[in-house]
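Knowing the structure of chain B, use the given hints to seat chain Z on it.
There are 2 protein chains.
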Amino acid sequence: MAEKLNDAALDQLFREARTINVWKDKPVAEAQVRALYDLLKFGPTSANCCPARFRFIMSDKAKDRLVPHLMEGNQKKVRQAPVTVMIATDYAFAQHLPKLFPHAPDAKNWFSDRDVADETAFRNGTLQGAYLMLAARSLGLDCGPMSGFDADAVNREFFAGTTYKVNFLCSIGYGSDEGIFPRSPRFDFEEAAAIL
Amino acid sequence: MAEKLNDAALDQLFREARTINVWKDKPVAEAQVRALYDLLKFGPTSANCCPARFRFIMSDKAKDRLVPHLMEGNQKKVRQAPVTVMIATDYAFAQHLPKLFPHAPDAKNWFSDRDVADETAFRNGTLQGAYLMLAARSLGLDCGPMSGFDADAVNREFFAGTTYKVNFLCSIGYGSDEGIFPRSPRFDFEEAAAIL
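Chains as they are written, first to last, in the working numbering: chain B, 3 to 198; chain Z, 3 to 198.
Derived by calculation from the structure, the hints in this document are not laboratory data. Note that the Cβ used here is the ideal one computed from N, Cα and C, for glycine as well. Some hints here could point you the wrong way.
What the hints assert, rightly or not - Listed below are the simulated DSBU-like cross-link pairs for lysine-lysine, each with C-alpha atoms no more than 30 Å apart in a straight line: (1) Z/LYS26 x Z/LYS78; (2) B/LYS101 x Z/LYS79; (3) Z/LYS167 x B/LYS167; (4) B/LYS78 x Z/LYS101; (5) B/LYS65 x Z/LYS6; (6) Z/LYS167 x Z/LYS110; (7) Z/LYS65 x B/LYS6; (8) Z/LYS79 x B/LYS110.
To be verified - Just the calculated beta-carbon pair ranges, DEER-fashion: (9) Z/ASP27 x B/ASP152: 51 to 61 Å; (10) B/ASP66 x Z/ASP190: 25 to 35 Å; (11) B/ALA10 x Z/ASP179: 42 to 52 Å.
Claimed, not checked - Stretch by stretch, here's where chain Z covers chain B in the computed footprint (C-beta under 8 Å, at least three residues): (12) 15–26; (13) 38–48; (14) 73–81; (15) 96–108; (16) 133–143; (17) 182–189.
Isolated chain B (complex conformation) (with noise of 0.2 Å):
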């Protein structure tokens, strides 16, 4: 039976964790990327239906492509980190259940009615989201994730002609404390939550 993961783990992943404004030049290995990616899929989603995709922006060429359509304060820290991550959904998940669900064959028609899919799509590549940034902290990286963008125009500079569509944008690196701001107030339990 799984025990409480030690105090030191639960800081690094939840209490002490901070979205990072400012990087430290120190690089992400490909390697690492890959193992990132070897935690995340393991998530749970619906139907195991896995809609996101993500980008690496890793190059130079690939954050030319990316920068001018960021809002203004996101562009240095996207230049300055090792790894922006585009979180993308394929809206045209429900193709791929025969093979990720291939226990109930009809899944695929679970999924036709479009708004039903849509928000299945939004949901479930968010929740991959999340898992990306907590395999994140898991692997000993920061997190800065952003919604600060142009969607329309990421879409089409690296998404035209398919079924996929940005989500929100993620650094990852090694964080310098400089530039983070103090923790902002959480709702306590009985603002946010009941026990019915």
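Using the frame of chain B, we list chain Z on its own:
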């Protein structure tokens, strides 16, 4: 600097963790539920907007209200699980930004466009749902997430007259090996990801 968590922790969070279908008759204490919230609340959200709202269904009375609205295959599981969390989203989250994001007094106005607000609410509330699952696993608890329920009926029963809507459900407790599906395939790195 943070280090990689040990293999046992990575197994517990990702590699060996499985969606539970049969629950042991072992309770989860209110203190564990509060400890769970006190971890997940630190996960990052856009402008710290924290739009998820959590209803921890633990009493028979609350299960009586929820179970009739579940797909048949989920009814027994929720009856059996010591806790089932309703992860809901507050679509009026922006009103709380003066409290949650105090260093940007105009943050509330970033979400005055209804489509932007709705997308932000769903994306970030879903991220928090993933934080909940990984926080539960980090505390040694198992998860059984579910989307198979009548969302309109659940909203009428639990959230009438509010700005909250249910997102998904997740049972939490101690799982039995019984009823666990064989691990379904995942995409290889090249199928779902690319380094640019």
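Quick rundown of the hints versus the structure:
Taking the CA atoms of Z/LYS26 and Z/LYS78, the gap is about 13 Å. The hint holds against a cut of 30 Å. With a C-alpha separation of about 26 Å, the suggested pairing of B/LYS101 with Z/LYS79 holds against the 30 Å cut-off. With a C-alpha separation of about 24 Å, the suggested pairing of Z/LYS167 with B/LYS167 holds against the 30 Å cut-off. Distance check on the hinted pair: B/LYS78 and Z/LYS101 sit about 28 Å apart at the alpha-carbon level, within 30 Å; holds.
Between B/LYS65 and Z/LYS6 the CA atoms are separated by roughly 27 Å; this keeps the pair inside 30 Å, and the hint holds. Simply put, Z/LYS167 and Z/LYS110 have alpha-carbon atoms about 20 Å apart, close enough for the 30 Å limit, and the pair holds. Between Z/LYS65 and B/LYS6 the alpha-carbon distance is near 27 Å, which keeps this suggested pair within the 30 Å criterion. In summary, the hint linking Z/LYS79 to B/LYS110 is supported, as the alpha carbons are separated by about 24 Å, within the 30 Å threshold.
At about 53 Å, the CB distance of Z/ASP27 to B/ASP152 agrees with the hint of 51 to 61 Å. In this structure the supplied range 25 to 35 Å holds for B/ASP66 paired with Z/ASP190, their Cβ-Cβ distance being about 28 Å. Range check, B/ALA10 to Z/ASP179: about 29 Å between beta-carbon atoms, so the 42 to 52 Å window is missed. Judged by the Cβ-Cβ criterion of 8 Å, the region 15–26 of chain B is covered by chain Z as claimed, because 5 of its residues qualify and three suffice.
Only residues whose beta carbon comes within less than 8 Å of a beta carbon in chain Z count, and the region 38–48 of chain B has 9; three or more means the coverage holds. Beta-carbon proximity to chain Z at under 8 Å applies to 0 residues in the region 73–81 of chain B; the threshold of 3 is not reached and the given coverage is violated. Under a criterion of three residues with beta carbons nearer than 8 Å to beta carbons of chain Z, the stated coverage of the region 96–108 of chain B is upheld, 6 such residues being counted. By the rule of at least three residues with a Cβ nearer than 8 Å to a Cβ of chain Z, the coverage given for the region 133–143 of chain B holds, with 9 such residues.
With 6 residues having a Cβ less than 8 Å from any Cβ of chain Z, the region 182–189 of chain B passes the three-residue criterion, so the hint holds.
Comparing the model with each earlier hint shows violations of hints 11 and 14; every other hint is respected.
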